[in-house]
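Enquirer: Given the coordinates of chain C, assemble chain H onto it according to the supplied hints.
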Amino acid sequence: GAGVSQTPSNKVTEKGKYVELRCDPISGHTALYWYRQSLGQGPEFLIYFQGTGAADDSGLPNDRFFAVRPEGSVSTLKIQRTERGDSAVYLCATGTRNTGELFFGEGSRLTVL
Amino acid sequence: AQSVAQPEDQVNVAEGNPLTVKCTYSVSGNPYLFWYVQYPNRGLQFLLKYITGDNLVKGSYGFEAEFNKSQTSFHLKKPSALVSDSALYFCAVRDWELTGGGNKLTFGTGTQLKVEL
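Protein chains in written order, with the numbering used here: chain C, 72 to 184; chain H, 276 to 392.
The following block holds chain C by itself, in its conformation from the complex:
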């Protein structure tokens, strides 16, 4: 597709459940980022992939959060044992390594009841 695609756009789940959020990047973009945006806040960095490998996962809040990008294209953010504090919009962004410009998807809004 022409842009970054994220699914689902909205996800409502119950506390303790497992959630997967998917990101389809712009074709050819090797760098992929996950950010989290809470209400009234700017996006906060979670993890960065260069190709298939996680080059920097320093923003993942705890071990309930995990992300993969097995073929260097689509990425999945996985959240185990969800908590109400995980409620936020999860943003995926891709780019080429050196330009600095990131292309963002519209986000997946996660609500944990």
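One or more of the hints may lead you astray.
What the hints assert, rightly or not - Pulled from the structure, derived: some chain C residues nowhere near chain H, Cβ distances all over 12 Å: (1) Val75; (2) Arg135; (3) Thr147.
Unchecked claim - The list that follows gives simulated cross-link-like pairs (lysine to any residue, SDA-like), each with its CA atoms no further than 20 Å apart: (4) Lys324(H) with Gly171(C); (5) Lys389(H) with Gln112(C); (6) Lys324(H) with Thr167(C); (7) Lys324(H) with Asn287(H); (8) Lys82(C) with Arg317(H); (9) Lys82(C) with Pro315(H); (10) Lys297(H) with Gly111(C); (11) Lys324(H) with Glu172(C).
These are computed hints drawn from the structure, not numbers from a lab.
Keep in mind that this is a model prediction, so the values were computed, not measured.
Glycine included, C-beta positions come from ideal geometry on N, C-alpha and C.
Expert: Only chain H this time, still in chain C's reference frame:
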């Protein structure tokens, strides 16, 4: 560490008047600086960036930003505001001496711009 401050939660301006959205930053090295805009129910869109070179950077939709190293600021400006400019604006920074993190950006908390007739 890198950080960004956007001191104004909201900026109101009349259509046709100039607008300024403020941003200050902190990095240990030299900065890459960015402005992004977020329209309701839309993804963040890139407006402009400063890497090196001229301190005045021009971007999309008639926006520009001025890099001021001594004041560690990167304010967003537009000579004549439009109602359609109403949106949420984010300033972001990356320390270019930060290695291994790709283009890992630190964002400010955002400034809501409201342009009225």
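Enquirer: Would you mind confirming whether the straight-line C-alpha gap from Lys82(C) to Arg317(H) stays at or under 20 Å?
Expert: holds (17 Å)
Enquirer: For a C-alpha distance cap of 20 Å, please report whether Lys82(C) and Pro315(H) respect it.
Expert: Between Lys82(C) and Pro315(H) the Cα gap is close to 18 Å, so the pair holds against 20 Å.
Enquirer: Has the given pair, Lys324(H) with Gly171(C), been kept, meaning a C-alpha gap of at most 20 Å?
Expert: Holds - the C-alpha atoms of Gly171(C) and Lys324(H) are around 8 Å apart, at most 20 Å.
Enquirer: Need the status of pair Lys324(H), Glu172(C): alpha-carbon distance at most 20 Å?
Expert: holds (8 Å)
Enquirer: Do the alpha carbons of Lys389(H) and Gln112(C) lie within 20 Å of each other, as the hint requires?
Expert: holds (18 Å)
Enquirer: Does the structure keep Lys324(H) and Thr167(C) at a Cα separation of 20 Å or less?
Expert: holds (15 Å)
Enquirer: Assess, step by step, whether the Cα of Lys297(H) is no farther than 20 Å from the Cα of Gly111(C), and give holds or violated.
Expert: Distance of about 17 Å is within 20 Å: holds.
Enquirer: Taking 20 Å as the top limit, are the C-alpha atoms of Lys324(H) and Asn287(H) close enough?
Expert: violated (24 Å)
Enquirer: Over 12 Å to the closest beta carbon of chain H is the bar; see if Val75(C) clears it.
Expert: Label violated. Min Cβ-Cβ 7 Å, cutoff 12 Å.
Enquirer: Does the no-contact call for Thr147(C) survive, Cβ to all of chain H over 12 Å?
Expert: holds (18 Å)
Enquirer: Compute the least Cβ-Cβ separation between Arg135(C) and chain H, then decide whether it is above 12 Å.
Expert: Per Cβ check, Arg135(C) is outside 12 Å of chain H; nearest 21 Å; holds.
Comparing the model with each numbered hint stated earlier shows that hints 1, 7 do not hold.
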